[in-house]
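Following the hints, complete the assembly by docking chain B onto the known chain A.
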Amino acid sequence: MSAAGVPLSWYLVLAALLFTLGAAGFIFRRNIITMFMCIELMLNAVNLTFVALAYHLRQVDGLVLAFFVMVVAAAEAAVGLAIILTVFRNRASVQIDEVQALKD
Amino acid sequence: MHLWLIPAFPLAGFLLNGIFGRRASKTFVNAVAVGAVLASFLWTLKTLGALWPLEALHLERYFTWIQAGDVRIGFDLAMDRLSAVMLLVITGVGLLIHIYSIGYMAHEGGYYRFFAYLNLFMFFMITLVLAANFLLLFVGWEGVGLCSYLLIGFWFLRSSATNAANKAFIVNRVGDFGFSIGIYLIYLHFGSLDFPEVFQAASRQPVEAGLGPLTLIGLLLAVGATGKSAQIPLYVWLPDAMEGPTPVSALIHAATMVTAGVYMVARCSAIYTHAPLAMEAVALIGLATAFLAATIGLTQFDIKKVFAYSTISQLGYMFLGAGVGAFGASIYHLWTHAFFKALLFLGAGSLIHALGEQDLRKMGGLRAKTPITFWTLLAAAVSISGVPFTAGFFSKDEILLAAYHHAPWMYWMGTLTAALTAFYVFRAIFLAFFGEPRGWSHAHESPPVMTVPLALLAVLSLIGGFAPVSRWLAPSFPAAQGHHETVLVAISVGAGLAGIALAWWFYVARPGLAERVAARLGAFYRLVYNKYFVDEIYRAALVQPVITSSQQMLWRKVDVGWIDGAVNGLAARACAAGDLLRRLQSGNLRSYAAWVLLGALGLLLTIGVAGGAR
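These protein sequence lines are chains A and B, in that order.
If you read the first sequence in our numbering, its first letter stands for residue 1, the second for the next number, and so on.
If you read the second sequence in our numbering, its first letter stands for residue 105, the second for the next number, and so on.
In case anyone wonders, no lab produced these hints; they're calculated from the structure.
Even glycine gets a Cβ: it sits at the ideal position worked out from N, Cα and C.
There could be a bad hint or two in this list.
Claimed, not checked - To list a few chain B residues with every Cβ distance to chain A over 12 Å, as calculated: (1) HIS106; (2) ILE274; (3) ARG308; (4) GLU312; (5) VAL340; (6) LEU482; (7) LEU601; (8) VAL612; (9) GLU619; (10) VAL632; (11) VAL638; (12) ALA714.
As the list claims (entries may be wrong) - Below, a sample of chain B positions facing chain A; criterion: calculated Cβ distance under 8 Å: (13) GLY691; (14) ASN692; (15) LEU693; (16) ARG694; (17) ALA697; (18) LEU701.
Unchecked claim - With beta-carbon atoms standing in for the labels, derived distance ranges: (19) B:THR710 / A:THR20: 17 to 25 Å; (20) A:ALA75 / B:ASP668: 47 to 55 Å; (21) B:THR710 / A:THR86: 32 to 40 Å; (22) A:THR20 / B:ARG677: 38 to 46 Å; (23) A:ASP61 / B:ALA698: 29 to 37 Å; (24) B:LEU702 / A:PHE88: 26 to 34 Å; (25) B:ARG686 / A:TYR55: 44 to 52 Å; (26) B:ILE711 / A:ASP61: 16 to 24 Å.
This is chain A alone, in the form it adopts within the complex (with noise of 0.2 Å):
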């Protein structure tokens, strides 16, 4: 049991449902800052349940890892809207549906 008595599970299943919303919007938006948005939210579901997982356990190695995480979405964040921007620039449209181009 966490000290604020809130149960491990709770914290699990919030995560999950947080993935599984960004799972969701990322398959389902067209728009490339949002589906980019739901990357960051599926980045923090996973998070979420590092983080409930170390207090839980009483472990530092969840935690380590949650930084690796933050990191890892920082640089993620700063790649992905150059491109975005870049897609914007060249396209006008931030639609995922347009950019095909290296299909064949």
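Below, chain B alone, put in the same frame as chain A:
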């Protein structure tokens, strides 16, 4: 005594000319090539002087070449009297031929290439005779084969030359196959490849009555020798090898390389004397080759072909000598043959240089135009015919005498061959130098750079027989029985003189008689003229089946059907699989994401189920 310097000089010459010769002047190329051989000749003399009288083997070990388990093959050179004789022939005659080539090749393209190859040949040939174990000998053996190939195909723009080069190389592979198995058997039987050990062990063994290991080794080595020394059944490459420049024919295909087989048999005398069956085979091969090649020589009109068959025939004599146990006489004949046969070829080259023609039917009456060539060729001709006190007389008679003591019929066959030899050589001389000019307008004597070597070789052809080679070699070989018998000598000399007289009768006294006799003989003449159709038989019996089976079976079935089929089949499957997978790449990022998700779920499910099962 730094034996290694003897082969090192020509190797250095080859490297210098091969790398820098292209841009260098002819003077540079000449100086390097001739200088290298000269240095090697002088070093041979110096070594010989220092080691004189060279009664025992002088062995020098340099470094371990191959070490694998118990097998240790060293880079060891050795000099004894046998290799000393060979070295003198190779470097001495080789030097004269190098000088001659300066004149002969003066107007040819690829000048530096020619001399580079020639020097490379000298390197390998010297390695061959100095080698102190079978594997090193084999290196030289293969190396001279390579140089022979390169030089036969020197004019590689002519398809006949490249074909001849290929033929020489491939036919020699057959012989070398036997040779290499022989070497393997030697290792298996004696546990060593070093000459001193092998021959000491061999001489301790009893003489084999039937087919034992020594006999088998002897026969296999003889197979190698028949390839390199152009004996039946592998002689067919040598006449074609005349496609190469004439100095090459003189050096490689008359004086030195083709005698490597004789040298090898003589070197292995300790093995052969304990394997009488193998010796008998060598003698029979030699005698048959000597006789058949001489008959073919009677009918050829290409002057180089005549001398090529003559070389085969004379090599047959050497094998006969070795086969009847007269190894010393065999090497003696090798020694004298190197002089007069090199001279015959160089003289022929001088004529070819003068006329641009090598068909005897188009020569005639050249005596006055090319006097030096005429007189030197005459010296070679009397020597090969065995006219008394010329070089060929001594060595040939020694072989014939030994043959008589082995089996009289061999002597008679050899004497008949001697008559044929005298006939075909003088036929060539008379056709070329006597009678009326037939179809040439201008001819000129060759420059001194060519005629001086001719003159020197002529002197050697006449007096070279006074060097007591076989007596000097006697300690190296088991004593050959037989003493001088004046009657036998007189008969064989008479046979030679009769051959000369008959040639005179046919081609000078009664011109036109030869054609009538040929017409009378009809089918038999055509059989001989076409060289007994051996090439055609080989083509039909050996070459064509290989070509046909390669085309029908190996090419169409195995290569196209199986190998290509397997490769193409795999590629087609990969294409088909790719085609299926390509549909996944729709360009729709959301569907990729869906796939990823599905995949992840699938993995989770699989692991979950598998984990649950456990």
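Hints and how they fare:
Here HIS106 (chain B) stays apart from chain A, with its beta-carbon at least about 72 Å from theirs, past the 12 Å limit. At roughly 53 Å from the closest C-beta of chain A, the C-beta of ILE274 (chain B) stays outside 12 Å, upholding its exclusion from the interface. Non-interface status of ARG308 (chain B) relative to chain A is upheld: no Cβ of that chain comes within 12 Å, the nearest being about 81 Å off. Remark: the non-interface label on GLU312 (chain B) is consistent with the geometry, its nearest Cβ contact in chain A lying 79 Å away (cut-off 12 Å).
Once the 12 Å rule is applied to beta carbons, VAL340 (chain B) is consistent with being away from chain A; the minimum gap is 63 Å. For LEU482 (chain B), the requirement that its beta carbon stay farther than 12 Å from each beta carbon of chain A is met, with the minimum near 86 Å. Under the 12 Å C-beta cut-off, the non-interface status given to LEU601 (chain B) relative to chain A holds; the minimum distance is some 93 Å. No beta-carbon of chain A is positioned within 12 Å of the beta-carbon of VAL612 (chain B); the least distance is around 89 Å.
A cut-off of 12 Å between C-beta atoms confirms that GLU619 (chain B) is not in contact with chain A; the least separation is 82 Å. For VAL632 (chain B), the requirement that its beta carbon stay farther than 12 Å from each beta carbon of chain A is met, with the minimum near 75 Å. Listed as a non-interface residue, VAL638 (chain B) keeps its Cβ farther than 12 Å from every Cβ of chain A; the least gap is roughly 66 Å. No beta-carbon of chain A comes within 12 Å of the beta-carbon of ALA714 (chain B); the shortest separation is about 22 Å.
Interface hint at GLY691 (chain B): satisfied, since its Cβ lies 3 Å from the closest Cβ of chain A, which is below the 8 Å cut-off. Nearest Cβ of chain A to the Cβ of ASN692 (chain B): about 7 Å, under the 8 Å cut. The hint holds. Look at LEU693 (chain B): its Cβ gets to within about 5 Å of chain A, closer than 8 Å, so that hint holds up. The interface hint given for ARG694 (chain B) holds, since its Cβ lies 5 Å from the closest Cβ of chain A, which is under the 8 Å cut-off.
This hint holds: ALA697 (chain B) has a C-beta 5 Å from the nearest C-beta of chain A, less than the 8 Å allowed. The interface hint given for LEU701 (chain B) holds, since its Cβ lies 6 Å from the closest Cβ of chain A, which is under the 8 Å cut-off. Evaluation of the 17 to 25 Å hint for THR710 (chain B) and THR20 (chain A) yields a pass: the beta carbon distance comes to about 20 Å. For the pair ALA75 (chain A) and ASP668 (chain B), the supplied restraint of 47 to 55 Å holds, since their beta-carbon distance comes to about 50 Å.
Between THR710 (chain B) and THR86 (chain A) the beta carbons are some 39 Å apart, a value that agrees with the proposed interval 32 to 40 Å. Checked against the hint of 38 to 46 Å, the C-beta distance between THR20 (chain A) and ARG677 (chain B) comes to roughly 40 Å, which is consistent with it. The hinted range of 29 to 37 Å is satisfied by ASP61 (chain A) and ALA698 (chain B), whose Cβ atoms lie roughly 32 Å apart. As the Cβ distance of LEU702 (chain B) to PHE88 (chain A) is approximately 30 Å, the hint placing it in 26 to 34 Å holds.
At about 47 Å, the beta-carbon gap between ARG686 (chain B) and TYR55 (chain A) stays in the expected band of 44 to 52 Å. One distance hint, 16 to 24 Å for the beta-carbon pair ILE711 (chain B) and ASP61 (chain A), holds here, with the actual separation near 21 Å.
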